[in-house]
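This is what each chain is made of:
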Amino acid sequence: MSSETQDLNAVRARRRLPRINPIWFVLAALIVAIIVYNPNFVQPVGYMNFLKRAAPLAILAAGQIYVIVSGGFDLSVGSTITLTVIGSSMLLNNNPDATWWVILLMYAMGLAIGLTNGLVVSILKVPSLIATLGMMITLSGLALMWSGGAPRGYLPESFRYFGRANITDLPLINILPISLIVLAVVVCLLWWLMHRTNYGRLVHAVGDNPRAAVLAGVPLMRVRVSAFVISSLTAVTAGILLGGFAGVSTDVGRGFELQAITAAVLGGAQLLGGRGSVSATIAGALTLTAIFTLLNFVGLPQPVREVVQGLILISAVAYAMYRRRHAVH
Amino acid sequence: MSDAMLATRRSRIRFETIAPAVILLGAVAIYIGVVIASGQARYLSLENLVGVFNRSIALAITAIGQTFVILVASIDLSVAALISASAVLASVVMGGEPAMIVPAIAAVLVLGAIVGLANGLVVTKLEVNPLIATLGMALIIQGCLSAFVSNFAGSVPKDFQFFAYGIAFGLPVSLIFIGLLALLSWFVLRFTRFGANIYSVGGNREAARFAGIKTARVVIAAHVISSLCAATAGLYLASRLGSGAPWIGRDGMYDLESIAVVVIGGTVLAGGRGGIWGTIAGVLIFALIDSLFNIVGVDAFAKQVLRGVIIIAAVGFYAVRSQRMAA
Chain A
1 MSSETQDLNA VRARRRLPRI NPIWFVLAAL IVAIIVYNPN FVQPVGYMNF LKRAAPLAIL
61 AAGQIYVIVS GGFDLSVGST ITLTVIGSSM LLNNNPDATW WVILLMYAMG LAIGLTNGLV
121 VSILKVPSLI ATLGMMITLS GLALMWSGGA PRGYLPESFR YFGRANITDL PLINILPISL
181 IVLAVVVCLL WWLMHRTNYG RLVHAVGDNP RAAVLAGVPL MRVRVSAFVI SSLTAVTAGI
241 LLGGFAGVST DVGRGFELQA ITAAVLGGAQ LLGGRGSVSA TIAGALTLTA IFTLLNFVGL
301 PQPVREVVQG LILISAVAYA MYRRRHAVH
Chain B
1 MSDAMLATRR SRIRFETIAP AVILLGAVAI YIGVVIASGQ ARYLSLENLV GVFNRSIALA
61 ITAIGQTFVI LVASIDLSVA ALISASAVLA SVVMGGEPAM IVPAIAAVLV LGAIVGLANG
121 LVVTKLEVNP LIATLGMALI IQGCLSAFVS NFAGSVPKDF QFFAYGIAFG LPVSLIFIGL
181 LALLSWFVLR FTRFGANIYS VGGNREAARF AGIKTARVVI AAHVISSLCA ATAGLYLASR
241 LGSGAPWIGR DGMYDLESIA VVVIGGTVLA GGRGGIWGTI AGVLIFALID SLFNIVGVDA
301 FAKQVLRGVI IIAAVGFYAV RSQRMAA
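Going down the list, the sequences are from chains A and B.
Residue 42 in UniProt numbering sits at position 42 of the first sequence, with consecutive numbering throughout.
Residue 87 in UniProt numbering sits at position 87 of the second sequence, with consecutive numbering throughout.
Excised from the complex, chain B in its bound form (with noise of 0.2 Å):
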């Protein structure tokens, strides 16, 4: 191998890696720019900081979930419906009962292994485009979940809120569950064979199939662990909310966005390259963007048009450099 193309290679993975840090201290930065100059200094403060990113909880576990799909070249288009669904399904099963609430886990996380395990199915062995076939699904769920009901039902005992609102240690629980989900799915990507196979069942799907990998139990696999992330952002947000309503899913774009922020971690589209602390990073910018929003008061419709704008300057940002052609 000749020292060019080792350069050349060590390049691009450096921008991949680097670009989120440098976006994530630039959206920093602007951030600290509008609360001095808007003299609103009170949001600086640690605890606020934290409220930030609490907010996005629901998020960055569905991107978490995301990654894993989206490093085996797949795509989870289901989240969002799955998290309505998770949602509704807790608080109907718990039924404001602290004695239910290991069952309605249990149900849950049932519910997330059986749509996470349909779609891998369709994917791998029907052989169907994983956008399609996740579209499909968010079709099915989404019909079930309105056929069943049409507003917020059931609700959470005042225990389950402790997902949400606990605190121990001095942190918000829900914070500490999500730097345990990151670091465990850093240390399953990084250092077993299974997270190695998605490496290289992203990177390439036949090579990895010649090399004796058995590429359909990796990709089932990821979308398990895709519908079990979203199904337990579900579960956050009824403990959140106190209840679960079919629209939760839907009204937070977690599809789309949890799309974004992967990318925006440097998670390529095409698989194969990437991780979660990219993704955290990508949680950590849309937190900061958000509370800009709300900071500048910009009003609700305006920041869905702007939302837009701004996934698709970030994916364009990345996708940009590729000499793939797009389709």
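This is chain A alone, in the form it adopts within the complex (with noise of 0.2 Å):
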């Protein structure tokens, strides 16, 4: 063999390392770690209950990474989850025949935050931080107007269903939770969305140059719009389950903006947009729970989650800009 192909080779290898996403090693070692912990882990319930805790999570990061590949963030996700669970609770006054429509009313409203956000960061020019930073309080200042402060009644089953009902005597894996099932579906439909049309495409070409992008015909401000559109809906979809899974509170959205913010950017995602991918950001989410479930179980107090993760969300931008520095070109 001479050294050149050798050469060849060496930068074969180089270039081919990096398309295994790391985050994917992280995320078995953390399972094995918990397995440690816990063997009752590898029993069906132990791993659906984990993945039913975790399905909010990865279905608003999986609507995140798309307001972050077109270049913006979504900070209104969590008071959108608010909005969602104290809406349903106030709007369903424990009448289950009203599930439907209700549903169809928070869809219906995501769409309109959606829309606000895309609008007033394309037409007004507002950097997508500030203009939803405003939305969220906006919007937990309505959360917090319409329940009059303490949230009044709770959630029928019929509603929290999707949030914690299971599937039960299932050959193999026995359980198979319900918001599972949404979770597949989500995934798999914006999974397809992002990495195999030609919407996708755009969205990452808009985030990567938007002048670019515009030159060659990209509609901006619909690709723009459709991206923070599509975060709005799946923060409802999150909503739903978490109002089935932990029931209404006025804080039920707190701090999942930048959970879902840092499951993207745990995922490889580039900040400021042009690449990210929604599989790898689902890692970054089951990732990001199984730290807090290894947290719990050492018995560490709630506020060192906070701790953590914010020492997570800087060093992992700051490991992808020393990658980017020190990539192969």
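Bear in mind the hints are in silico, worked out from the structure with no lab data behind them.
A few of these clues could be false.
Below, simulated DSBU-like cross-link-like pairs (lysine-lysine); rule was C-alpha separation at most 35 Å, straight line [what the hints assert, rightly or not]:
hint	chain 1	residue 1	chain 2	residue 2
1	B	Lys214	A	Lys125
2	B	Lys303	A	Lys125
3	B	Lys125	A	Lys125
4	B	Lys125	B	Lys214
5	B	Lys303	B	Lys158
Which chain A residues face chain B? A few, computed with CB under 10 Å, are given here [claimed, not checked]:
hint	residue
6	Asn93
7	Met135
8	Ile261
Here are the computed distance ranges between Cβ atoms for each label pair [what the hints assert, rightly or not]:
hint	chain 1	residue 1	chain 2	residue 2	range
9	A	Trp192	B	Arg190	53 to 59 Å
10	B	Glu97	A	Asn209	56 to 62 Å
11	A	Ala184	B	Ala37	57 to 63 Å
12	B	Glu97	A	Leu115	54 to 60 Å
For glycine and all other residues, C-beta sits at the position ideal for the given N, C-alpha and C.
Join the two chains into one complex using the hints; note that each chain is given alone, in its own frame.
Listed below in structure tokens is the structure:
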């Protein structure tokens, strides 16, 4: 073998190495650690409950990645979740017959929130961070107004079905949470849209270089606005699951916006646009949930989770920047 | 350089320096109109107007620091968490003892300097996006804080409340402090080499580097200034409330409001253009809006909704003219 082909092979090997996203190894290591701490995790009940707990964040992160790849941030998703839960409990008023139209109405609300975010960013040219932070305080104010400060009523079983119920007595896996089916459907849809359609390519193009995208004839505004709409719709979905899983309170959604961004960053998404993958983001969301689960096992108090999350967020971005600076061109 | 170019340049500068004054005049006019229309002329006394601004002292201190960071084209979202941490640290260290006032102030300022240094280093050396770096820092500070305290902790001695409630030369001490802080910042930005460096780094970081400016140091210094201001705002709130609680920064929404105030004051988010007096005008505008809400009697939650809308509208008012492709 000549040295030339050896060099070529070395370059090839180096090029191939980053293709497997490192987040999958991190996730695998964390799952092994969880199993060491809690051998019951290998039972279907163990890992199914883990996935059930991770489902809202995973769905939310899969929507957030659209906004991130298109070059923005969506910080309004946490309060969209809260507003969905509060709004559903107020509108349902313990009447299970209303479930379907309330869910429909919540999605309409999500559509309106996403449209507003997108239009404020594209037409008023407000940086998305400020626009969605403003939306965040507006929506949490609305949720507080609507509920009068303290949530009243609770959600009927028909609504909580999605976040709470399991299909039992299945062969092999025994139980299957409904939320996991929702997660699978949403993720497949969003993965297909991002990585197998023309629209997904446009989202990448807009985030990578908006000016070039416009010159190439990409309808910038439509792509941007639709990314925000997708993010808001996933927030409503996550809200419906969380309402079933955790019940009604005025701070169900608090902190979820940063968790979703952290998940996306862990999955290797490039902030300010141009690169990101739905599947790696799901891995990021599962990783974050696994870290929280581990911290729980170790017995660290709740606030420590925030500290750890902050450190992860900063170091993940720092690592990505380091890799980009030392990348093989 | 052609005349046309000069003209467009001059008109752009004019818009951003004049707009805050115009909005401020508008806000004052609306305020006077509402007060007269609702027959509550007592709100027009000088004493009352001083009171209006006096409620926004913490915002003003934070916003002055935020101006420096935004001028270098960075941003600081960790101020709210730092304000809470500083207020709690101050009141815990003081513990009601007048003798502990100086050590407490020193401790708070050291905390501010460390946070600012960390922010600046992460932004410049690790090249982390400043939004994410400071949001992560906010999580870390808030987490550490919540691990130790969950409610009002410690107390400040009566002597220390002089900062918030004292009167000197017929004016509130806090108002005099803001005046001096604004003058000092204006002097630094306008007449020192450091101030000139801030504008050039914010205007074009690469060009500044080629001109021999140590850009990283300027950005780090701006972050340290911002964090020191936020720590001072925490001291003020501890003095005003008599004690610190881990949620006062978050409830005051000082992160978003300080950014909004700076932008309303005509400082460009992309950096390099703006100044302190615009920020002060922005604080006055927010203070007037706030007291208008109180006069009209808007309920607390509706106030929060309106605030969010006003912030978006205000930033949009400036941003809509830019040719930049926002993201």
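| query | Looking back at the hints listed earlier, which ones does the structure fail to meet? | reply | 6
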